[in-house]
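Reading the sequence shown from the start, the letters are residues 1 to 246 in the numbering used here.
Just so you know, the hints here were simulated from the structure itself, not pulled from any lab data. Please note that a few of the clues may not be correct.
In silico DSBU-like pairs for lysine-lysine, Cα to Cα no more than 35 Å straight-line [said to hold, decoys possible]: (1) K57 / K165; (2) K55 / K186; (3) K129 / K57; (4) K194 / K57; (5) K60 / K73; (6) K165 / K186; (7) K165 / K60; (8) K57 / K177; (9) K73 / K44; (10) K165 / K55; (11) K44 / K55; (12) K77 / K56; (13) K194 / K165; (14) K177 / K194; (15) K165 / K73.
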Amino acid sequence: MAYMQPYIDVTVAMTATQESAEMFESCMPESCVHREFSEAAIQKILDHQNATARKKKPLKHVLIVLDDLMFDKRVVKGQNMREIYMNGRHCAITLMITAQYCMDLGPELRSQIDYCFCLREPVVANRIKLWKYFFGGFETFDDFSLTYSQCTSDNECIAIDNTVKSNELEDFIFWYKANINMAPYKLGGPSFWKAHSTFYYTDEEMDEMRERYTQMHDSTRGAKKRIVSVEKETEEESSKRRMLSR
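Please work from the sequences and hints to get the whole structure.
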């Protein structure tokens with residue numbers, strides 16, 4: 001994600017784990033980190049991007065990160081998600097998915113993947129699936145398995161670039177290791193962060209606002225009751241005076 005920083009205007013992350021949520025909140029606004037898959041958020045993003053495109057206005061580049069959510073079938077089978085899989089590039093949406101099992105994505109969706117990063121996989125049956133459905137450029141499984149082992153040791157990964165127009169392995173198969181000492185970074189443009197700081201309130205802040213409102217409301221109601229009580233006494237006294245005057 002850090003290397004995408006110059007190209008991203010808006011970021012949205014969805015994750016089911018507390019650890020990942022805290023990691024995302026370190027580089028993007030808390031208001032854009034969802035603790036579960038949100039169909040409503042996906043719908044809003046699509047509606048906004050499509051509406052902007054229809055108006056012939058420049059599109060903001062949106063990054064959507066789905067972290068370890070493939071257990072939720074809406075991620076795979078939902079209509080909005082399928083539109084992003086198939087046509088996301090046309091409305092300036094980049095989708096990043098992390099998954100524990102490579103076959104959670106169907107063949108029609110796997111064909112839309114531009115970049116695939118795979119970490120260590122000791123199970124031979126799973127390696128065979130990776131070779132068949134993601135790394136078919138290797139002629140034999142033995143060649144693939146040997147390369148895979150060499151590229152994924154010591155927390156490293158093997159990567160494939162499906163955007164390359166070449167059949168030579170060295171042109172689209174790569175090795176990568178993340179820099180654990182990377183400097184802090186933020187995703188999203190200045191206007192994106194400004195909107196967050198202006199309109200977003202944490203749960204604690206919302207609770208405090210509700211409490212203050214309740215106290216003010218109760219105080220106002222009490223004042224009105226006292227005023228009404230005084231008005232009623234004044235009317236009774238006035239009526240008595242009229243009767244006595246007769």
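Checked hints:
At most 35 Å may separate the alpha-carbon atoms for a hinted pair to count; K57 and K165 meet this at roughly 31 Å. Using a Cα cut-off of 35 Å, the hinted pair K55 and K186 holds, with the two alpha carbons roughly 29 Å apart. With a CA separation close to 43 Å, the supplied pair K129 and K57 exceeds the 35 Å bound. With a C-alpha separation of about 21 Å, the suggested pair K194 and K57 falls inside the 35 Å cut-off, and the hint holds.
About 28 Å separates the Cα atoms of K60 and K73, which keeps this hinted pair within 35 Å; it holds. A hinted pair counts as satisfied when its Cα atoms are at most 35 Å apart, and K165 with K186 qualifies at roughly 32 Å. Our distance criterion of 35 Å between C-alpha atoms is met by K165 and K60, whose separation comes to about 28 Å. For a cut-off of 35 Å, the pair hint linking K57 to K177 is broken: about 38 Å separates their Cα positions.
Only pairs whose Cα atoms come within 35 Å are accepted, and K73 paired with K44 is accepted, the gap being roughly 20 Å. Straight-line distance between C-alpha atoms of K165 and K55 comes to about 33 Å, which keeps the hinted pair within the 35 Å bound. Taken as a hint, the K44 and K55 pair is honoured in the structure, with Cα atoms around 17 Å apart against an allowance of 35 Å. Proximity of K77 to K56 is assessed by CA-CA distance (about 30 Å); at most 35 Å being required, the pair is judged to hold.
At most 35 Å may separate the alpha-carbon atoms for a hinted pair to count; K194 and K165 exceed this at roughly 40 Å. Distance check on the hinted pair: K177 and K194 sit about 33 Å apart at the alpha-carbon level, within 35 Å; holds. With a C-alpha separation of about 33 Å, the suggested pairing of K165 with K73 holds against the 35 Å cut-off.
Violated hints, in rising order: 3, 8, 13; the structure is consistent with all others.
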